[in-house]
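**Q** Take a look at the letters that make up each chain.
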Amino acid sequence: MKKRDPELLLFHAPLLRQGMTTPKAMRDVLVALAPATVASVWFFGLSAILVLGSCIGGAVAAEWLFADRKARGESLRDASGLLTGLLLGLTLPPGLPLWMAFLGGFIGIALGKVIWGGLGHNLFNPALLGRAFLLATFPIAMTTWVPTLADGGFLQIYPGNLALPFMQAQVDAMSAATPLGMLKFEQEVTPLAGLVFGNVSGSLGETSGLLLLLGGLYLWLRRDLDWRIPVSILLTVVLFSACLGFFDDARFPAPLFSVFSGGLLLGAIYMATDPVTSPVTPKGAWIFGIGTGVLVMLIRVFGGLPEGVMYAILLMNAATPLIDRYTQPRVFGRGDDPE
Amino acid sequence: MKVLRRLRRSFEHGVHPSHHKEQTGNLPIQRVPFGKNYIMPLGQHIGVPARAVVTAGERVQRGQLIAEPGGFVSTGLHSPVTGTIREIGDFRGVDGRFAPAIAIEADAFATQQVDAGTRIDWQALSLEEFIEAVQMAGIVGMGGAAFPAHVKLSVPDGVTIKHLLINGAECEPYLTTDHRLMLERPEALLEGAEIMRQKLGAEETIIGIEANKPDAIEIVRKHIQPGDPVRVVPLKVKYPQGAEKMMIKTVFDVEVPAGQLPRDVGVNVNNVGTIVAVADYFLRGVPLIERVVTVAGPGVTYPANLIVPLGTPVRDVVKFCGGLKPGTREIIMGGPMMGRPIASLDVPILKGCSGVLVFTEEQTARRKEYPCISCGRCLEACPYFLNPSRLARLSKSRMFDEMKAYNVFDCVECGCCTFACPSNIPIVQLIRTAKDDLAHRKEPEA
Chain R
1 MKKRDPELLL FHAPLLRQGM TTPKAMRDVL VALAPATVAS VWFFGLSAIL
51 VLGSCIGGAV AAEWLFADRK ARGESLRDAS GLLTGLLLGL TLPPGLPLWM
101 AFLGGFIGIA LGKVIWGGLG HNLFNPALLG RAFLLATFPI AMTTWVPTLA
151 DGGFLQIYPG NLALPFMQAQ VDAMSAATPL GMLKFEQEVT PLAGLVFGNV
201 SGSLGETSGL LLLLGGLYLW LRRDLDWRIP VSILLTVVLF SACLGFFDDA
251 RFPAPLFSVF SGGLLLGAIY MATDPVTSPV TPKGAWIFGI GTGVLVMLIR
301 VFGGLPEGVM YAILLMNAAT PLIDRYTQPR VFGRGDDPE
Chain E
1 MKVLRRLRRS FEHGVHPSHH KEQTGNLPIQ RVPFGKNYIM PLGQHIGVPA
51 RAVVTAGERV QRGQLIAEPG GFVSTGLHSP VTGTIREIGD FRGVDGRFAP
101 AIAIEADAFA TQQVDAGTRI DWQALSLEEF IEAVQMAGIV GMGGAAFPAH
151 VKLSVPDGVT IKHLLINGAE CEPYLTTDHR LMLERPEALL EGAEIMRQKL
201 GAEETIIGIE ANKPDAIEIV RKHIQPGDPV RVVPLKVKYP QGAEKMMIKT
251 VFDVEVPAGQ LPRDVGVNVN NVGTIVAVAD YFLRGVPLIE RVVTVAGPGV
301 TYPANLIVPL GTPVRDVVKF CGGLKPGTRE IIMGGPMMGR PIASLDVPIL
351 KGCSGVLVFT EEQTARRKEY PCISCGRCLE ACPYFLNPSR LARLSKSRMF
401 DEMKAYNVFD CVECGCCTFA CPSNIPIVQL IRTAKDDLAH RKEPEA
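Residue numbers (my numbering), protein chains in the order written: chain R, 1 to 339; chain E, 1 to 446.
Just chain E, with the same shape it has in the complex (with noise of 0.2 Å):
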């Protein structure tokens, strides 16, 4: 049975979304232009929002520290453009909430080179201030989730990691920034790869590709010195292959116990724009103010693969890209499958965003719900062997406690569920539904 699936080469379940990536697999990663107006939201990230260390009124340089972190699980912020601080104040996110950002206005004769410039000898840092450069440089989980990226490096005392796995999956549709990342800086790659494998004292190095991207496996592969610790292998086109504790399945067939983490089975995951970032900064002295960003999706005109500066408004971007077709009706931020609709064209691009996706009438009909006739599909879908069809049932007849008993929180919502139903049940909706509220409620005893 263990050769078997090791053959299979995929962890169990998972669902298989038509890839939609031809509208940009193929196109070169292009440079937006630079805006007037930036937003640099001050909790771009999980974990506590990073403190300005600016005034409104001030010059700032591109590249410049406009934010310390506040705390451990936090990092620095930096201005995306030079030009003048114009104002600190709340400011409506990607949610929908308002919240402390800084805004930015571009000076519009910069060259908006940025001047850091400087290689960081960083063979010669400890690995204290190695994490500490890391959180000072603003790097987050580039996938998504935007996860602070020295936390995952902190490793506590008796833990070793023994692999460095990136993460090349990109298994949600659409997006291909990891893709052209790939392709395009394959030496960024390896060289980010070589400086994380060794300050976290890893053997080796492994990048997991989904087979769909035959390219970039051999570029990546091509770049690889021989002998050096680095592997590349290819995964099972599946999606969520890019869930981390998925792809620790196909790649090592270990499973992570349910509330551990990666590093409690001697593995570092970081997504390839994270370790393209940790080259940028290390090799180039540039922190984070950028990122690869897919827009995508029928509704948008011409669709590409930009570089957008950090707190970029969504609509200079739509602009770049031809703008909206008549007819659009819903614009995500990252994937079509975990990505969160966005309300307004203003909401600035942050260090998690993948992709813009614009879509239409087609995807956004409102599809008639049926009662839930327990097909079993949802649960052959959901990569965690949970009971999403229970779960659903039970949330909506707000039985969230009960739903406590199965397995609720190992959920990471990856909509595997949903869109495996024949019943257009919002079975993921329903799940973060109960979560929030068993989160947010006041336990009265206890």
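Looking at chain R on its own, in the form it has when it is part of the complex (with noise of 0.2 Å):
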């Protein structure tokens, strides 16, 4: 009997990939943001865990909800949706009503992803879709911190939190201002050490920014960054700051202290660079970093918020697909006309 040839494929060349998965990149950015999130639990405790749990319930449960039936729980599991949900935790006060968490998770997904048409199709980042929707809904318990946990006492949650739906929250009887806040309103620096270990009042994950540094080398050794968006934010903000410094340091913000304070770092690292909502080119990453840096401090200095790294990011977010269309790459063997 003669054997029979083996049915053959016919996949297109080439058949060799490279490791790495989309998948396995959003797990990459999870990983870097553990020792973060980490010491947010460690600084804010119990309280920590049920605001982050809360905006990846809310950030899930959109995801699944909205999900072609057929294709229920395929979506979840390239973590993308976990992923905005953390990263808006991240940036929440940890005194925040937990339903808040559950809803700014829930609208971050809903109107930052599922209606533009879901995973590499949004044009604004979720998270901070989310977040600007809870800032506008609910200013006061988003701009409510409190301090970080006295020793041992992990357990204890803020009052905040337990809030129910559409009461009134109640105002945190210990509640503390931010850096950027003390700056702002009371003209008072915080020393750099406490900003670079993270025992600060702020949000969630903004408070230590020397982890979020180790988590940002991590994601640019695996090369799931691009180095250029928060190198020029920073390089930005420093300058930005330096130049002001000149004028009257009293008043204005120290580079350091405009790097290490506030969620600069976070959104620098981990927001900034969501690739689907920042440029594809490596020239508009560079304009997209430093509109970033500009946009921060103006609002930072001239805003009547303390804090402007979500609008700096979602507005320049709105620039990328202009941004995009005008850098495109010098193409191989045809001068610097680019037609």
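A couple of the hints might just be wrong.
No farther apart than 25 Å at their CA atoms in a straight line, the calculated lysine-lysine pairs in the BS3-like style are these [said to hold, decoys possible]: (1) E:LYS368 - R:LYS70; (2) E:LYS396 - R:LYS70; (3) E:LYS368 - R:LYS24; (4) E:LYS404 - R:LYS283.
Bear in mind the hints are in silico, worked out from the structure with no lab data behind them.
Given two chains presented individually in distinct reference frames, assemble the corresponding complex, making use of the accompanying hints.
**A** Following this line, the structure appears as structure tokens:
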């Protein structure tokens, strides 16, 4: 009997791939955020877990609810919903009512991602969109900050967390101002050491600059992040602050204070670099980063809010398609004119 | 900046696939025994197919001309075996289409020695005669593209060739044919190079070899006589280092302008196999009737580097290598980055076929495709600095005309973008679809 030939497939070359896949890239970001997440639990105790969990729950619920019925669960596997929830949670105050956190995660995915057509099609960063929604809807709860926990207070929950939906959130008895707020409204500068290690009041994930940088380094080594974006944002902020310092170094923030305070590192390393909503071209990445840095400083220094990272990134997100269009790379062998 | 770039000694971008060359890199080239049936398609090269000059039933000698060039961009074809012409008709080719071919039945009792065996006094030939001789010898680019070699030699007036660049990069994973040729036949390589250099009037010959073949670099260097205008340049290991424009960029730091050819910057690029074929023809009288083929991949029982007569069915080649392992799912002709899959074991080995690679489940498992997240990895991979993510998106929406503005026709389909894509988007396939559609579209107005 003649042996039959194997049935041959006709898959198109290249058959070889490098090992990275999109879900792996998402998981890398989760890994990179792990130290900062652990730090948020360390500083804010059980409340941190509850707030982060509510955001992730809201994001995943929206992802699941709006998914195509046949593909349900499929979209959860790429971990992008989980990542959006975590990122949003890290930008929220630890004492935020949990139902608000849940709603923020839900809105972030629903209006920030699903209605655009899902992963890869959204114009704005979903986590920041969720946060913008919360800030517009619950301005008081979103700007009520609490101090970090004293030793041994892990199981203590900030009372604000447990507020019931649509009830007046009780203003936290032990409210505290963020370093940026103190500078803006009380002209008081927080020492740099606290900012670097994170033992300051602020949103869950923004407090420890060092751990955020560590995660960014990991992402850079894994080539998951376009280094140009964080580098250009941070450089712009440093230069901008340095220039302002020439005029009045008491009123304006010092360069390093600007870098380590507020959500700048979290935004520059993890949110502005969201590949979907940032330019794909190298030149575009520089423009995007510089634009974000300038907007951050303009809002922080001249705006009504102490913090401007969120709006800066969202505004630059809106400009991304345009930036991409006008920064196409110079094609090999085509001279310097981009036709 | 320029100094830095010279130090780095490579074109920019590109990708780093695993080499996979350990399977066959150390195996000497062996000869495949002659089989029974041979199929010689008339269109084995880019350009016009050859015209058959034999008829069915005719007896042919190994090395005898069986088809003459059908035009200028066309080459001769010679019988790979002594035997009888069985049929001239349509046979299924590598791409799955039926195309005219000459079927030859080998004579089981013939010695299969090449009769020609005469040395051609190439120095006495004028340039025109030399070009015609190369055309009649059927020599084409052996790296994979199968572009007739004599066309490259025909330099228009006003263009002078300063450098002959010999491509020994072999940047495609798995393939080791050029590597083995350089190790085993360095004299033939240098002789062929000297013939080409003199006929082109070039000042210097440069042999570019990727640095992962230190033995080849050493042996070729050892064979260069002091004072010869020949130089070996080790190249950074990076895909696609062997793409001629990339290699020119690496060696000379010059970009060949889009739409132009290497000759426009004074360089003539030829593959190692092509140069050896030139030497074989002019010094030993053997036209292009066989070539070195790497048979490798996880699905081959005994990987090998083989001299295979052209027209040998893949089936015979694979059989000689111990057959296919169970679980074989795909066979690629050429390299794993740019080669073409074949649908049947009956297709013949052609002039441009540098490898027969057999892959199993692991390499061909259907990868889940995710949406493009604009991560930019393809932009960093593309050696032509195109925007593959944009091109793929446009192609998916069938917006082929818009793709022209993104220089889709500058794409050489090297596959770097698809290799680099974490979302498993078949970018190069989408680009090919668009190019094909644009090329075959009938223009109603205009």
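**Q** Measure nothing beyond the straight line between the CA atoms of E:LYS368 and R:LYS70; if it is 25 Å or shorter, mark the hint as holding.
**A** holds, 16 Å
**Q** Can you confirm whether the C-alpha distance between E:LYS404 and R:LYS283 stays at or below 25 Å?
**A** Holds: E:LYS404 and R:LYS283 sit about 21 Å apart, inside 25 Å.
**Q** Would you mind confirming whether the straight-line C-alpha gap from E:LYS396 to R:LYS70 stays at or under 25 Å?
**A** Measuring from Cα to Cα gives roughly 23 Å; hence the hint holds.
**Q** Keeping to a limit of 25 Å between CA atoms, is the pair of E:LYS368 and R:LYS24 held or broken?
**A** It holds: about 13 Å lies between the C-alpha atoms, which stays within 25 Å.
Consistency note: the structure conflicts with none of the earlier hints.
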